[in-house]
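There are 4 protein chains.
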Amino acid sequence: MRITVWNENGHERFEEEIRALYPEGMHGCIANFYREAGHEVTTATLDMPEIGLPDELLDQTDVLVWWSHGMINEVPDEKVKKICDRVINDGMGLIVLHSGHASKIFRKLMGARSGHLKWRVAYPPEIDDKEIVWVVDQSHPIAQGIDEKFILEREEMYGEPTLIPAPDELVFLSWFSGGEVFRSGCTYKRGRGKIFYFRPGHESCPTFYDKNVQRVLLNAAEWAYTPPAKPYKYGWSAPVVE
Amino acid sequence: MRITVWNENGHERFEEEIRALYPEGMHGCIANFYREAGHEVTTATLDMPEIGLPDELLDQTDVLVWWSHGMINEVPDEKVKKICDRVINDGMGLIVLHSGHASKIFRKLMGARSGHLKWRVAYPPEIDDKEIVWVVDQSHPIAQGIDEKFILEREEMYGEPTLIPAPDELVFLSWFSGGEVFRSGCTYKRGRGKIFYFRPGHESCPTFYDKNVQRVLLNAAEWAYTPPAKPYKYGWSAPVVE
Amino acid sequence: MRITVWNENGHERFEEEIRALYPEGMHGCIANFYREAGHEVTTATLDMPEIGLPDELLDQTDVLVWWSHGMINEVPDEKVKKICDRVINDGMGLIVLHSGHASKIFRKLMGARSGHLKWRVAYPPEIDDKEIVWVVDQSHPIAQGIDEKFILEREEMYGEPTLIPAPDELVFLSWFSGGEVFRSGCTYKRGRGKIFYFRPGHESCPTFYDKNVQRVLLNAAEWAYTPPAKPYKYGWSAPVVE
Amino acid sequence: MRITVWNENGHERFEEEIRALYPEGMHGCIANFYREAGHEVTTATLDMPEIGLPDELLDQTDVLVWWSHGMINEVPDEKVKKICDRVINDGMGLIVLHSGHASKIFRKLMGARSGHLKWRVAYPPEIDDKEIVWVVDQSHPIAQGIDEKFILEREEMYGEPTLIPAPDELVFLSWFSGGEVFRSGCTYKRGRGKIFYFRPGHESCPTFYDKNVQRVLLNAAEWAYTPPAKPYKYGWSAPVVE
Numbered sequence: 001m002r003i004t005v006w007n008e009n010g011h012e013r014f015e016e017e018i019r020a021l022y023p024e025g026m027h028g029c030i031a032n033f034y035r036e037a038g039h040e041v042t043t044a045t046l047d048m049p050e051i052g053l054p055d056e057l058l059d060q061t062d063v064l065v066w067w068s069h070g071m072i073n074e075v076p077d078e079k080v081k082k083i084c085d086r087v088i089n090d091g092m093g094l095i096v097l098h099s100g101h102a103s104k105i106f107r108k109l110m111g112a113r114s115g116h117l118k119w120r121v122a123y124p125p126e127i128d129d130k131e132i133v134w135v136v137d138q139s140h141p142i143a144q145g146i147d148e149k150f151i152l153e154r155e156e157m158y159g160e161p162t163l164i165p166a167p168d169e170l171v172f173l174s175w176f177s178g179g180e181v182f183r184s185g186c187t188y189k190r191g192r193g194k195i196f197y198f199r200p201g202h203e204s205c206p207t208f209y210d211k212n213v214q215r216v217l218l219n220a221a222e223w224a225y226t227p228p229a230k231p232y233k234y235g236w237s238a239p240v241v242e
Numbered sequence: 001m002r003i004t005v006w007n008e009n010g011h012e013r014f015e016e017e018i019r020a021l022y023p024e025g026m027h028g029c030i031a032n033f034y035r036e037a038g039h040e041v042t043t044a045t046l047d048m049p050e051i052g053l054p055d056e057l058l059d060q061t062d063v064l065v066w067w068s069h070g071m072i073n074e075v076p077d078e079k080v081k082k083i084c085d086r087v088i089n090d091g092m093g094l095i096v097l098h099s100g101h102a103s104k105i106f107r108k109l110m111g112a113r114s115g116h117l118k119w120r121v122a123y124p125p126e127i128d129d130k131e132i133v134w135v136v137d138q139s140h141p142i143a144q145g146i147d148e149k150f151i152l153e154r155e156e157m158y159g160e161p162t163l164i165p166a167p168d169e170l171v172f173l174s175w176f177s178g179g180e181v182f183r184s185g186c187t188y189k190r191g192r193g194k195i196f197y198f199r200p201g202h203e204s205c206p207t208f209y210d211k212n213v214q215r216v217l218l219n220a221a222e223w224a225y226t227p228p229a230k231p232y233k234y235g236w237s238a239p240v241v242e
Numbered sequence: 001m002r003i004t005v006w007n008e009n010g011h012e013r014f015e016e017e018i019r020a021l022y023p024e025g026m027h028g029c030i031a032n033f034y035r036e037a038g039h040e041v042t043t044a045t046l047d048m049p050e051i052g053l054p055d056e057l058l059d060q061t062d063v064l065v066w067w068s069h070g071m072i073n074e075v076p077d078e079k080v081k082k083i084c085d086r087v088i089n090d091g092m093g094l095i096v097l098h099s100g101h102a103s104k105i106f107r108k109l110m111g112a113r114s115g116h117l118k119w120r121v122a123y124p125p126e127i128d129d130k131e132i133v134w135v136v137d138q139s140h141p142i143a144q145g146i147d148e149k150f151i152l153e154r155e156e157m158y159g160e161p162t163l164i165p166a167p168d169e170l171v172f173l174s175w176f177s178g179g180e181v182f183r184s185g186c187t188y189k190r191g192r193g194k195i196f197y198f199r200p201g202h203e204s205c206p207t208f209y210d211k212n213v214q215r216v217l218l219n220a221a222e223w224a225y226t227p228p229a230k231p232y233k234y235g236w237s238a239p240v241v242e
Numbered sequence: 001m002r003i004t005v006w007n008e009n010g011h012e013r014f015e016e017e018i019r020a021l022y023p024e025g026m027h028g029c030i031a032n033f034y035r036e037a038g039h040e041v042t043t044a045t046l047d048m049p050e051i052g053l054p055d056e057l058l059d060q061t062d063v064l065v066w067w068s069h070g071m072i073n074e075v076p077d078e079k080v081k082k083i084c085d086r087v088i089n090d091g092m093g094l095i096v097l098h099s100g101h102a103s104k105i106f107r108k109l110m111g112a113r114s115g116h117l118k119w120r121v122a123y124p125p126e127i128d129d130k131e132i133v134w135v136v137d138q139s140h141p142i143a144q145g146i147d148e149k150f151i152l153e154r155e156e157m158y159g160e161p162t163l164i165p166a167p168d169e170l171v172f173l174s175w176f177s178g179g180e181v182f183r184s185g186c187t188y189k190r191g192r193g194k195i196f197y198f199r200p201g202h203e204s205c206p207t208f209y210d211k212n213v214q215r216v217l218l219n220a221a222e223w224a225y226t227p228p229a230k231p232y233k234y235g236w237s238a239p240v241v242e
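Sequences listed follow chains A, B, C and D, in order.
With the first letter of the first sequence counted as 1, position 114 gets the number 114 in my numbering; the numbers rise by one all the way through.
With the first letter of the second sequence counted as 1, position 163 gets the number 163 in my numbering; the numbers rise by one all the way through.
With the first letter of the third sequence counted as 1, position 231 gets the number 231 in my numbering; the numbers rise by one all the way through.
With the first letter of the fourth sequence counted as 1, position 109 gets the number 109 in my numbering; the numbers rise by one all the way through.
A few of these clues could be false.
Put simply, identical chains are the same to the list, so a pair is met inside one copy or across any two.
[To be verified] Result set (BS3-like, lysine-lysine): computed pairs, CA atoms no more than 30 angstroms apart in a straight line:
1. Lys82 with Lys104
2. Lys230 with Lys211
3. Lys130 with Lys233
4. Lys79 with Lys130
5. Lys233 with Lys211
6. Lys130 with Lys230
7. Lys211 with Lys79
8. Lys230 with Lys108
9. Lys130 with Lys82
10. Lys108 with Lys79
Calculated directly from the structure, the hints in this document are not laboratory data.
All chains, full assembly: derive it from the sequences and hints.
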């Protein structure tokens with residue numbers, strides 16, 4: 001499968017502590033475990049020409065993995081449109097990570113203010129929340145190989161209520177030590193394309209090194225893949241029967 | 001309940017046959033049966049200043065009923081944003097009729113290319129499709145008072161596949177004499193607001209005079225109403241527990 | 001609305017501490033706030049003839065509220081069938097409370113082993129879990145009048161994963177101090193009938209005196225009510241069109 | 001994958017015309033295309049000892065394909081329980097065909113009167129309904145390789161409304177020449193197991209020889225497969241955090 005991992009790559013460039021945690025960027029860390037699983041992986045970042053996503057690359061991408069945060073307004077609208085078109089029309093899979101909930105692409109595909117949620121990140125990090133991610137959909141392909149739960153010792157808190165549409169499938173729920181809960185693994189379909197939102201993954205936490213998180217993201221890419229097909233027809237149609 | 005019925009009102013202005021069918025416009029016909037049921041109803045059309053929807057009116061609207069077709073690009077983007085904000089943030093109900101599937105507001109709230117579907121309208125109208133609307137969710141408030149089905153002798157055909165997201169609830173399914181089917185009554189939620197899409201209602205057909213259609217739309221307004229409430233809080237949050 | 005509140009009424013009869021907490025039984029406490037809201041309420045308990053639910057009463061019940069726990073096998077199968085028939089065929093609303101998840105009626109209607117979940121109740125009660133119930137579906141009628149969350153200082157813990165089917169709508173999520181989460185407010189439809197499962201309500205906790213819990217259960221009865229209608233037809237059918 | 005195809009095998013034994021159409025039984029026809037796709041297939045019929053489904057076979061079955069009709073009461077309750085346990089606890093996939101909607105196993109897993117629907121089968125068969133099966137979920141794995149629709153020239157009609165629960169996913173919708181529609185491809189999950197209901201497949205029609213039907217059933221087996229896993233824990237649980 002041809003996977004493209006996109007990262008805003010701002011924290012890694014501008015903050016020494018984040019760079020120390022992810023010397024190759026979060027995209028580099030994520031690309032590594034996809035590559036080890038045998039996928040053909042490209043990484044792309046905001047600071048590259050065309051934000052690293054020229055149309056030819058998008059046209060060759062089966063699943064796009066997306067991490068973004070505060071620099072989201074630097075993503076050009078025409079690229080947002082191209083990405084959404086690839087999902088809806090062509091079935092490109094999309095995996096949106098953590099603060100990507102507020103990205104232009106996810107907001108556009110959700111049709112809601114998906115960036116509205118509670119959050120809390122702590123400095124110093126030692127007092128961050130503990131997150132416990134529970135499986136609620138045991139038969140879901142994305143949950144295979146995951147025990148009933150896994151624990152992330154330090155993560156940013158995201159809390160309900162949030163303004164996402166009800167997911168087609170709810171795969172994971174998160175518990176936070178501060179008293180909050182969150183729908184942490186949500187699937188959606190838009191047109192021919194499948195979308196998975198996964199909550200964990202704050203830049204200051206070693207989340208993408210976690211074996212359970214990696215298992216989830218490997219499963220999610222398999223799940224999100226839709227084989228190419230000739231497009232269905234829309235518009236004026238002759239009767240099928242007389 | 002304060003209901004605002006919006007209509008593009010183009011066909012009625014520019015096409016004599018449509019004007020003959022709906023001398024007060026489709027909005028006038030729709031407003032009438034809502035008024036008879038005791039609601040406080042305002043009508044608004046594209047040709048009015050601010051497309052008839054000044055912010056003060058939208059702020060006083062509990063449920064907005066929307067009919068639009070080919071003039072949809074004349075609806076200003078800031079008005080689209082205002083309407084979507086009212087739905088998502090404040091819980092204004094929204095009932096989208098027929099070709100309103102392709103409106104800017106519905107496409108934005110769906111996050112998909114909801115305008116993509118099969119269609120067929122016949123001239124002369126005598127050879128239009130017959131549509132049979134079947135109830136599939138018997139306990140849904142919008143289906144109360146409706147027998148297992150109702151028949152519209154002439155309607156434009158809309159056919160699957162379409163690019164809407166899977167509805168939260170599927171209330172009606174339509175059968176067409178040309179061999180097509182369509183998910184004709186679909187509910188969605190976005191933030192605090194509830195949305196109902198209802199398929200029938202082509203301008204050249206007497207659909208809004210049909211008693212079953214009127215029953216559906218009366219039920220839908222009741223269903224879509226969300227009482228006002230102080231908004232939930234988003235953003236940084238202190239822990240609930242220590 | 002005619003509401004019947006059924007309770008196993010075992011803990012209240014056999015355990016002094018529970019009787020001290022609910023001197024009229026949990027059913028008495030629940031009946032009181034439904035009555036104060038103007039409903040016509042009957043209470044029924046396991047120790048009554050026909051478990052307090054003669055067919056004539058069930059036939060006159062719009063919404064049945066159900067609390068049961070360990071004595072569930074004493075409910076006769078023909079009564080289980082009658083209750084499920086009333087839901088599916090006639091649209092009687094059903095509100096299943098707390099340990100009622102393991103009742104014969106709920107298991108039968110769910111088609112899954114809804115009794116399988118994690119639980120923890122503490123003796124002495126002082127060390128019970130704290131439960132925080134979060135709203136996730138802001139526009140749902142059952143959540144109206146509820147702030148973003150409410151806190152139950154002491155409750156039995158129920159934890160995911162559980163073997164319920166994915167709910168049609170997820171209204172509430174619970175957080176527990178021991179690290180667990182649970183889908184605490186779930187709606188289902190079966191045939192003409194609507195079902196709401198609500199998690200809180202352990203016999204040793206003053207949960208049914210909580211104003212938020214009462215608001216939820218009042219809302220739930222309104223939501224679960226389906227007006228009577230002549231039944232749809234099944235079986236052999238002549239063609240609608242030639 | 002280890003697939004077991006179960007068939008009541010009554011029509012084929014007792015009716016000459018059906019035997020002429022399916023000389024190896026419908027189970028034989030179905031087994032053939034699964035075998036050709038490389039699966040390890042066993043067939044089983046009602047007239048075999050233990051209805052051909054000894055526990056050892058069920059324990060070795062990854063996906064069970066089920067066709068039944070009027071002899072369903074001859075399936076022993078303990079076998080029904082065993083099959084449902086395999087689905088819910090162990091994740092055995094289940095594909096229920098056509099009149100299997102009324103089987104004990106499907107009714108039990110649905111928790112509703114799934115056998116209630118409209119139907120019409122014609123003698124002589126030449127005047128049976130035409131069925132057009134439309135794809136509504138374009139990204140669903142079960143729909144891959146299927147064009148927007150396929151046509152079955154003769155089939156028994158099943159019509160809405162029906163008393164199934166709303167499916168988790170609606171993959172196909174059917175149109176019938178008599179004016180009816182039906183939710184023809186529905187997915188459900190129960191516990192660890194995945195269930196697909198597929199409407200077409202009347203014994204008097206050559207449906208299981210249809211290449212599109214075969215493609216659907218091949219896809220469905222892949223979709224329904226859940227890899228084995230150690231069971232999650234239920235019951236009393238120690239706190240995860242102090």
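Okay, the hints, checked on the actual structure:
For the homomeric pair Lys82 and Lys104, the shortest alpha-carbon distances inside one copy (12 angstroms) and between copies (18 angstroms) are both at most 30 angstroms. In this assembly of identical chains, Lys230 and Lys211 lie within 30 angstroms of each other by CA distance solely across copies; the values are 18 angstroms between and 37 angstroms within a copy. In this assembly of identical chains, the alpha carbons of Lys130 and Lys233 lie at most 30 angstroms apart only when taken from different copies (22 angstroms versus 49 angstroms within one copy). Neither within a single protomer nor between protomers do Lys79 and Lys130 lie at most 30 angstroms apart by alpha-carbon distance, with minima of 36 angstroms and 43 angstroms respectively.
For the homomeric pair Lys233 and Lys211, the shortest alpha-carbon distance between copies (21 angstroms) is at most 30 angstroms, but the shortest distance inside one copy (43 angstroms) is not. When the C-alpha separation of Lys130 and Lys230 is checked against a cutoff of 30 angstroms, the pair qualifies only between copies, where the shortest distance is 26 angstroms, while the shortest distance within a copy is 46 angstroms. Within a single copy, Lys211 and Lys79 get their C-alpha atoms no closer than 32 angstroms, and across copies no closer than 40 angstroms, so neither meets the 30 angstroms cut-off. In the homo-oligomer, the alpha carbons of Lys230 and Lys108 lie at most 30 angstroms apart both inside one protomer (25 angstroms) and across protomers (26 angstroms), since each shortest distance falls under that limit.
Taking the shortest Cα distances, Lys130 and Lys82 never come within 30 angstroms of each other, neither inside one copy (37 angstroms) nor across copies (39 angstroms). In this homomeric assembly, Lys108 and Lys79 come within 30 angstroms of each other (Cα to Cα) both inside a single copy, at 12 angstroms, and across copies, at 17 angstroms.
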